[in-house]
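Colleague: Chains as they are written, first to last, in the working numbering: chain A, 1 to 674; chain B, 1 to 570.
Rather than coming from a laboratory, the hints here were simulated on the basis of the structure. There may be inaccurate statements among the hints.
Between beta-carbon pairs, the in silico distance windows are [to be verified]:
hint : chain 1 : residue 1 : chain 2 : residue 2 : range
1    : A       : Glu-500   : B       : Gly-55    : 36 to 42 Å
2    : B       : Ala-60    : A       : Arg-445   : 50 to 56 Å
3    : B       : Leu-489   : A       : Ser-588   : 41 to 47 Å
4    : A       : Pro-591   : B       : Glu-323   : 30 to 36 Å
5    : A       : Glu-500   : B       : Gly-328   : 44 to 50 Å
6    : A       : Pro-591   : B       : Met-1     : 52 to 58 Å
7    : B       : His-568   : A       : Ala-221   : 53 to 59 Å
8    : A       : Glu-594   : B       : Pro-454   : 53 to 59 Å
9    : B       : Pro-22    : A       : Ala-221   : 49 to 55 Å
10   : A       : Glu-500   : B       : Pro-22    : 52 to 58 Å
11   : A       : Pro-591   : B       : Pro-454   : 16 to 22 Å
12   : B       : Pro-454   : A       : Arg-669   : 40 to 46 Å
Since the model is a prediction, treat every value here as computed from it, not as a measurement. Glycine included, every Cβ here is placed at the ideal spot set by N, Cα and C.
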Amino acid sequence: MAAKSPPPFDLPILTRAAAGAFRKLDPRLMGNNPVMFVTLAGAVLTTLSLGTAGSDRLFVLHLAVWLWFTVLFANFAEALAEGRGKAGAETLRKAREDTMARRRGSHGIEPVPASSLEPGDVVVCEAGDVVPADGEIIEGIASVDESAITGESAPVIRESGGDRSAATGGTRVLSDRLVIRVTSEKGGTFLDRMIAMVEGARRQKTPNEIALTILLSAMTALFLLVCATLKPLGTFSRLDFPLPTLVALMVCLIPTTIGGLLSAIGISGIDRLLRRNVIATSGRAIEAAGDIDVLLLDKTGTITIGNRMASDFRPARGVSELQLADTAQLASLADETPEGRSIVVLAKQRFNLRGRDLTQARATFIPFSARTRMSGVDLEGRCLRKGAADSIKAHIESRSGRFPAEVLRLVETACRNGRTPLVVAEDHRVLGVVELKDVVKGGIRERFAQLRKMGIKTVMITGDNPLTAAAIAAEAGVDDFMAGATPEDKLRRIRSEQAEGRLVAMTGDGTNDAPALAQADVGVAMNTGSQAAREAGNMVDLDSNPTKLIEIVGIGKQILMTRGALTTFSLANDAAKYFAILPAMLVSRFPCIEPLNLMRLSSPQSAILSAVIFNALILVALIPLALKGVPYRPMGAAAVLRRHLLTYGLGGLAAPFAGIKLLDLLVARLLPLS
Amino acid sequence: MEPSDWLTLILYLAALALLTKPLGILMVAVLEGGGGRPWDRILKPLEILTGRLTGTDPRAGQTWLGYTKSILAFSFCGFLLTFFLLGFQGLLPLNPSHFPGPGPDLAFNTTVSYLTNTDWQSYGGESSLSHLSQMVALTYHNFTSAAVGMAVAAALVRGITRGPGATVGNFWNDLVRVTCLILLPASLVLSVLLASQGVIQNFDPPTRAATLEGREQIMAQGPVASQAAIKILGTNGGGFMRANAAHPFENPTALGNFLQMLAIPALGSGLTHYLGRMSGNQAHGWAVWTAMICLLVSAVVICASSEAAGNPIHHQLGIARAEGNMEGKEVRFGIFHSALFASLTAAASCGAVNCLHDSFTPVGGLVPLFLIDLGEVVIGGAGAGLYGMLVFVILTVFIAGLMVGRTPEYLGKKIGAAEIRLAVIALLTPTGTILVFTALASVSRWGLEGPGNPGPHGLTEILYAYSSATGNNGSAFAGLATDTPPYNLTLALAMLTGRFLVILPVMAIAGSLAAKQPAPPGAGTFPVDGPTFTVLLLATVLLVGALNFFPVLTLGPIVEHFLMHQGHLF
């Protein structure tokens, strides 16, 4: 669904947004946005003063109409931003239609509606069933169609234990059978959260949005005061300012541009993230992504392509390469890990050694275990092992063998070159080293360089030893690496970076990543990962692509930039509006003020009306910018600042002078004001 | 402006720049110095005394709330002291002219005025106050109000620059140290220098002299040099004489005038260096200084040019000298030194005057008025200028900081909703006060009795009075009769608002920032030094000031300017 998000401006969405603009006129909704609330009040006041307008009736009518438009345009922007998400939510909702669940109770399996499930309930899903709620798979393995959530049609494997044990409500079991322990509250499933997020229904203002709202409200209050005190000050100068004119001045001065587009910017940020198949649990998390100082990236899958591949055989003295390859292949035949398979393949390529069927040969396979950190095979009295250097050393020495120094050197050389050495041993004799090579992803170096320009430090996390890690880190161009890292190390690193005031982002999928994901300021869980990881992180990447983090940071920054740019633009606009409206207000009593009419606007009424129309139209003109975000290129803060200042600061000063002048020409020609 | 004027301006700025660094270093030593300084032994008994009086340990740090409560308690006691000293001056010694006490509204206005570092004078010093009132009741505040301002600035800078959970310093300690180690020695030096130029210093009754016209002239005498020094240094501005620094006994020579002009922004300028040292980013200190100086120089140039151009009507009638508008100016200072003094006194919230701002051309008068309305942040009052400017810095960092795509942070401290709420209170309260009181006075009967001139000039006089009071400046546009109960009360309220409703949010910002963990700077951090930042800060200050005051300034001096060119005068 998310991947198939609707095009930005198609007709049904525009019509729905137009209707939404009127629905949002409800004062209770408008109260959330002080700037537009004041504008609404201004529109109402101007409309009411139509009755007493006298000869200015037509002018006041035009003012009122454009003030209403200003409010409606702002509502339209918000409705449009929401509408794009809502269209996506429809698809999601279909996946949530009420399904029946088979609950395992004390009397065996009973059918109950999915909506009555509670956390802790155990349900059984067979082929063809829709998973009724989020939960942890406690039994079984099955292929699951998760396209309702991810948009990806290829089924994925889900199984109990390990890191692929999360079951998501709304997905469909295609084969086999799963037993699932429900973990989500009613209405709090992943799908529910997604829908809420997409619709913006439970959208809360982010901290930064709150701060900006305070600033905008204060500016609004101040300009309200400026215009209110103008009435008595005018009386002193024997000027009677009519109410509609004061309202027009006020609406032009208060920051309606940013005020009207503020919520659209936030909503569209979430939408942009969604279109990249990332679900954030809160807008806060997206905003934090823009502030990230440190990225912790797992080496495997992010920096390097998936798995290591065997690249070379380095025999010990007195051992032929063929002999080493043969033994290594035998020791790996039963090893289903990608590394193991790559050894078999390499031996076949180099020496045309075929994989042999060992089932008849009374072979005992020794699988890899975290304790021994070796794997291999016991075959016809031969004890073949391969594993990390130190574990093989311990293994050899326990059999009163000797670990030759020259093999140690081979190991070190391999490490220095960024290879992972696997030592192969037969009984108490070391045969040599198989080098495994990491393949660094294409283009990743450039991305890290971009991140560095943005002031973000990248840290590579790997279980490799320090030498290998250093070589890969240098090749990939990361700033720092953590070798031999355990999940606890990750957590510690995050805490220490945070203690120094930095914000940390990371990706993870395993259950053991969960504490670190929860601790990180931005924790992106992979959708293929465990339920624990998905609960702990504050974002889920449906594509399970760890590099996505870099895009997430970009979107976070873009939201803040867009807010800053439009605020600057909005405030800078005020200068021109003053020069349009103030001379128009004073010229009847002080004709000498004419030099202040810098734009040479044709008449006082046309000047005021043009400023108001400009104010309304600029809001519409900037809707696409608010929805798409300001163009974002990774570069240093000083450079970004200069560029945005020129565009939105100076542009904001100059644009209204031209715009108001143009509108004045049109208004003077086309609108009969009296 | 003549070439000699430009030379004077350049000399002046160079002298100010040279003073800035040593003063900043002195401030760091005084405010942040631990033990082991030569002056520790002298301060010891004072510290013990302060500790006894306040029942606190002056060496222990205070939270922002403790610091603020100490400020308020200290200010309240100072208020009572001065209010009663003034009220009962008729019964007290050192009153050779036997002046009675002022009425309660005037006493209230005067006390508040000195308490808030404003020194608005609804009274005539030499003609209504005893030497005791001048030297004790008022001069006491000249020292302490400046010290309080600097203490608040120091507390804010500490809040910004210190690590998480730090205190913001100790008010009593800061007060004693600033007063004894900076203000007293500096004003001693300055008063001797001024006395050398002929500023009087005695306890004599007025001199009565027969003029050439055969009439009797009464020339006030008194301890002028000592009071003039701290009036200038502490950006107080309340002169011993009603004519202030235009009086030949208070400001007799060009050199003395130059020294006074140099002393007005000295402490405010030094504080920017203190900011740089404290933040570990001296370039930031200079960036703030440069922004202030740019505004000041533009102001001086506009003011001096307008005064030099003079009044076209006078020129047509042939009644004015060709070099410009000399009305209300001392011949010994001339146009440029008057314009420079006026700009400085307005910019630095001093309020001492060496000429009559009321007699400036409309644009010449607009300059000091606008400088005050910017919020007294162009160098500004002792301490008050820095903390006011830092509020603008926070606002600048917030708006522009968003544009670099990060949650805005200032020197590593994140600027969140709490800081923005407090910053807008600190910025908008004074603006609101000025606008509301001006509007109120401009349509009420008591208000309309004040202005000595009709039309836009009258409006300017009212606006100037409330701006000066709220900005804690104290200079008067003059031409406005303010010694009436409604003016005395509303102006006093404006002074209190402009002082304490800024100090309170500023202290709260200090507390809020002190609690935050600073983030280390990186390539993605918003830069707070260099020309881009200076321009941004300038733009923010100008935009906020211009947007808020453009309408009322248009109705006042701007309309008056255009009317003058059409032949109308007020």
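Colleague: Looking back at the numbered hints, which does the structure fail to meet, lowest number first?
Modeller: Of the numbered hints given earlier, those the structure breaks are 3, 5, 6, 7, 8, 9 and 10, listed in rising order.
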